[in-house]
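There are 2 protein chains.
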Amino acid sequence: MSSIPKIVILGAGYGGILTAQRLQKELNYNEADVTLVNRHDYHYITTHLHMPAAGTDSIENTRVSISKLIDEFKIDLVKSSVQEIRLHDKKVILEDGTLSYDYLIIALGGDPETFGIPGLAEHAMSIRSINSVRLIRSHIEHQFALYKNERRPQERINFVVGGAGFSGIEFVAELADRIPKLCREYDVDPALVNIYNIEAAPTALPGFAPELVDYAMETLKKKGVTFKLGTAIKECTPHGVILSTGEEIRSNTVVWTGGIRGNRLVESAGFETMRGRVKVDEYLRAPGHDNIYIIGDNSLIFNGERPYPPTAQMAMQQGVCCAQNIVATIRGKVLRKFEYQHKGTVASLGKGQGIGVVGNKTYQGWKAAQLKKLVDLRYLYVIGGIMLVLKKGRFL
Amino acid sequence: MSSIPKIVILGAGYGGILTAQRLQKELNYNEADVTLVNRHDYHYITTHLHMPAAGTDSIENTRVSISKLIDEFKIDLVKSSVQEIRLHDKKVILEDGTLSYDYLIIALGGDPETFGIPGLAEHAMSIRSINSVRLIRSHIEHQFALYKNERRPQERINFVVGGAGFSGIEFVAELADRIPKLCREYDVDPALVNIYNIEAAPTALPGFAPELVDYAMETLKKKGVTFKLGTAIKECTPHGVILSTGEEIRSNTVVWTGGIRGNRLVESAGFETMRGRVKVDEYLRAPGHDNIYIIGDNSLIFNGERPYPPTAQMAMQQGVCCAQNIVATIRGKVLRKFEYQHKGTVASLGKGQGIGVVGNKTYQGWKAAQLKKLVDLRYLYVIGGIMLVLKKGRFL
Numbered sequence: 001m002s003s004i005p006k007i008v009i010l011g012a013g014y015g016g017i018l019t020a021q022r023l024q025k026e027l028n029y030n031e032a033d034v035t036l037v038n039r040h041d042y043h044y045i046t047t048h049l050h051m052p053a054a055g056t057d058s059i060e061n062t063r064v065s066i067s068k069l070i071d072e073f074k075i076d077l078v079k080s081s082v083q084e085i086r087l088h089d090k091k092v093i094l095e096d097g098t099l100s101y102d103y104l105i106i107a108l109g110g111d112p113e114t115f116g117i118p119g120l121a122e123h124a125m126s127i128r129s130i131n132s133v134r135l136i137r138s139h140i141e142h143q144f145a146l147y148k149n150e151r152r153p154q155e156r157i158n159f160v161v162g163g164a165g166f167s168g169i170e171f172v173a174e175l176a177d178r179i180p181k182l183c184r185e186y187d188v189d190p191a192l193v194n195i196y197n198i199e200a201a202p203t204a205l206p207g208f209a210p211e212l213v214d215y216a217m218e219t220l221k222k223k224g225v226t227f228k229l230g231t232a233i234k235e236c237t238p239h240g241v242i243l244s245t246g247e248e249i250r251s252n253t254v255v256w257t258g259g260i261r262g263n264r265l266v267e268s269a270g271f272e273t274m275r276g277r278v279k280v281d282e283y284l285r286a287p288g289h290d291n292i293y294i295i296g297d298n299s300l301i302f303n304g305e306r307p308y309p310p311t312a313q314m315a316m317q318q319g320v321c322c323a324q325n326i327v328a329t330i331r332g333k334v335l336r337k338f339e340y341q342h343k344g345t346v347a348s349l350g351k352g353q354g355i356g357v358v359g360n361k362t363y364q365g366w367k368a369a370q371l372k373k374l375v376d377l378r379y380l381y382v383i384g385g386i387m388l389v390l391k392k393g394r395f396l
Numbered sequence: 001m002s003s004i005p006k007i008v009i010l011g012a013g014y015g016g017i018l019t020a021q022r023l024q025k026e027l028n029y030n031e032a033d034v035t036l037v038n039r040h041d042y043h044y045i046t047t048h049l050h051m052p053a054a055g056t057d058s059i060e061n062t063r064v065s066i067s068k069l070i071d072e073f074k075i076d077l078v079k080s081s082v083q084e085i086r087l088h089d090k091k092v093i094l095e096d097g098t099l100s101y102d103y104l105i106i107a108l109g110g111d112p113e114t115f116g117i118p119g120l121a122e123h124a125m126s127i128r129s130i131n132s133v134r135l136i137r138s139h140i141e142h143q144f145a146l147y148k149n150e151r152r153p154q155e156r157i158n159f160v161v162g163g164a165g166f167s168g169i170e171f172v173a174e175l176a177d178r179i180p181k182l183c184r185e186y187d188v189d190p191a192l193v194n195i196y197n198i199e200a201a202p203t204a205l206p207g208f209a210p211e212l213v214d215y216a217m218e219t220l221k222k223k224g225v226t227f228k229l230g231t232a233i234k235e236c237t238p239h240g241v242i243l244s245t246g247e248e249i250r251s252n253t254v255v256w257t258g259g260i261r262g263n264r265l266v267e268s269a270g271f272e273t274m275r276g277r278v279k280v281d282e283y284l285r286a287p288g289h290d291n292i293y294i295i296g297d298n299s300l301i302f303n304g305e306r307p308y309p310p311t312a313q314m315a316m317q318q319g320v321c322c323a324q325n326i327v328a329t330i331r332g333k334v335l336r337k338f339e340y341q342h343k344g345t346v347a348s349l350g351k352g353q354g355i356g357v358v359g360n361k362t363y364q365g366w367k368a369a370q371l372k373k374l375v376d377l378r379y380l381y382v383i384g385g386i387m388l389v390l391k392k393g394r395f396l
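Taken in sequence, the protein lines are chains A and B.
Per the UniProt record's numbering, numbering through the first sequence is continuous, rising by one, with the last residue being 396.
Per the UniProt record's numbering, numbering through the second sequence is continuous, rising by one, with the last residue being 396.
There's no promise every hint is true.
Said to hold, decoys possible - Cβ pair distances, simulated, as ranges:
no., chain 1, residue 1, chain 2, residue 2, range
1, B, 250, A, 98, 30 to 38 Å
2, A, 98, B, 229, 44 to 52 Å
3, A, 71, B, 153, 35 to 43 Å
4, A, 207, B, 150, 33 to 41 Å
5, A, 118, B, 121, 30 to 38 Å
6, A, 209, B, 387, 54 to 62 Å
Unchecked claim - Okay, derived cross-link-like pairs now, DSSO-like style, lysine-lysine, Cα gap no bigger than 30 Å in a straight line:
no., chain 1, residue 1, chain 2, residue 2
7, A, 74, A, 333
8, B, 68, B, 343
9, A, 79, B, 351
10, A, 91, B, 148
11, B, 351, A, 181
12, B, 337, B, 367
13, A, 367, A, 392
14, A, 181, B, 391
15, B, 367, A, 391
16, A, 181, B, 181
Hint data in this document are derived by calculation from the structure and do not stem from the laboratory.
All C-beta atoms in this analysis are idealised placements derived from N, C-alpha and C, irrespective of residue type, glycine included.
Required output: the full structure, derived from the provided sequences and hints.
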């Protein structure tokens with residue numbers, strides 16, 4: 001047994017990868033053992049998942065092998081699934097082993113929030129992983145094939161997207177771009193296909209200025225999207241959705257993007273949570289556990305009265321800060337308080353279209369789409385340098 | 001009403017298209033009205049369907065718009081589905097109308113022969129049309145997506161092909177070529193995937209010399225195909241197949257290639273049939289109906305004691321002969337007796353592999369694969385000239 005501190009990072013998403021990379025950079029030889037645990041041997045770019053889900057970009061442009069992002073001489077990589085976090089034993093139970101830690105970083109990502117809507121967990125798909133988006137893509141294409149081999153049931157070519165937040169809108173836009181291609185491939189009249197975007201809140205894209213929201217909705221309506229705002233999904237069945245208005249939309253394809261809650265592993269570890277999230281201290285530590293950092297979807301940080309929404313931007317900044325604080329703790333130095341720097345928000349609206357806010361400037365259309373690509377390329381640069389940008393970047 | 005004879009061709013497969021093209025060429029202006037009825041507005045190349053079914057070639061390389069193959073100033077094209085042939089009224093009932101005829105060419109193609117095996121019609125797919133092969137392709141891919149989102153059930157990645165005749169072997173070969181690509185796309189270990197080819201007869205590929213059959217089987221075994229010859233499918237269930245040995249193979253994908261019988265429309269029209277086929281006279285006419293020609297899968301022609309198997313080659317030659325005989329009848333000339341000219345047989349075994357017999361020469365491997373491509377290119381040339389060869393031909 002080594003006497004040097006053991007650092008275990010759970011999850012290699014935005015937060016976990018940034019933590020690992022920063023620790024790798026800052027720690028000296030033999031200063032700590034670092035282990036990164038992830039279910040897959042790849043890191044995926046969650047904000048890009050809406051494209052392979054719709055089938056408008058490849059899976060390979062959406063993920064990177066973790067061994068390309070970290071130095072396995074400095075960090076141990078364990079491909080496994082976390083089953084339990086045992087705080088009193090300082091142990092993590094994996095599906096095929098256990099790991100003990102001195103410092104733990106919980107960067108596991110969230111679970112879909114279904115708000116208790118009956119049938120949603122059973123019958124809807126969600127955009128949450130490489131596996132889930134491959135399923136959505138292949139499911140959608142399969143509906144067209146089935147439609148032509150059955151008695152042309154309308155529910156095969158009605159597509160329902162629940163949620164008109166960031167992910168819902170970005171996915172719906174890609175789907176609207178993809179449908180005409182599927183119609184050509186399967187000889188289906190595009191006029192027969194329906195895309196419904198259902199949102200319980202009175203407006204789409206909360207957080208954007210009303211004129212940008214209007215622009216986004218007009219753009220998507222022109223692409224054939226039917227919006228039902230101020231309308232909740234009351235129930236999801238094997239045959240579609242029943243809305244709060246009583247209307248039923250028959251559909252074999254319901255994609256739920258209505259939100260993210262904290263990971264159930266965090267709740268069951270015994271932390272005090274609000275919707276599965278832990279209100280961390282100013283250094284990103286779990287209350288009462290100075291050796292445990294919680295970042296990303298499982299952390300709750302308040303901006304005045306309201307919590308910040310969990311975003312990639314937030315998780316990345318938390319990753320850097322928590323790595324610095326762990327190094328500082330090991331060295332007996334002063335910790336840094338986390339302060340979120342909001343750099344802007346850009347939403348894609350499909351090919352060549354988008355909306356964005358950077359500082360106090362707003363963008364729409366082609367410029368916003370370019371900006372979105374720049375944000376994506378910058379991320380690839382941050383985690384993998386220029387080689388990764390050239391390999392996975394979308395420039396056109 | 002015109003007083004010139006009305007010729008109606010049912011089906012635009014190999015036989016129907018060749019008949020239509022030859023009538024178009026030989027008939028003078030106002031000598032007859034010709035109508036070609038087909039369910040789709042495209043002709044498809046049945047002998048090529050195994051490739052898009054496996055996903056190794058595109059749908060577009062497998063079909064041609066009928067309007068590119070015939071002159072619509074000379075031949076009327078009706079896109080409709082035949083519901084009934086009323087011999088005593090000399091009428092064809094379509095799903096959206098009726099057509100009366102003086103001469104009828106039945107070139108409708110066959111139905112899959114399931115030999116009464118329970119569950120096969122309900123749970124197996126068959127390679128019979130553009131729609132059916134798009135379904136097979138998307139179904140197979142979807143199994144991989146589902147596999148990764150479920151608890152890795154083996155039946156998702158067990159593939160069963162019933163029948164080791166021409167179509168079964170050609171499909172199994174393409175599937176074996178396709179699986180490694182799907183495994184890469186969906187992160188599935190290829191060693192976990194099984195392809196079973198089940199055949200009730202004691203050998204595969206009846207009609208080929210034993211050494212070619214051995215070569216074909218060795219080639220496919222190397223690609224990972226498991227053969228079960230001399231083994232019948234006793235039952236097909238929603239979960240797989242039960243074999244005559246009692247063994248159950250769990251599989252969500254059963255593709256049945258076990259044979260073709262005559263079209264049910266021919267039986268219900270009142271013709272005397274054997275397995276749905278009509279033994280036509282030496283001029284290709286239905287017995288007792290001098291104005292009705294039956295060609296392709298619905299005709300039965302004996303080669304000594306045994307009937308010729310229904311092939312593209314046979315249907316094409318019949319199409320030419322029946323067109324000539326109809327023209328001769330209209331002109332009061334002598335009819336030509338049909339004599340089948342066997343030009344050879346080539347079977348593809350996947351990329352760069354095949355077996356073939358032309359005259360008394362046999363071919364295997366790369367040469368046979370080239371020969372197969374030549375046969376395909378020649379067909380495109382026959383029906384569409386050099387432009388179609390350039391547009392749809394596969395040269396590599």
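Hints not upheld, ascending by number: 9, 12, 15
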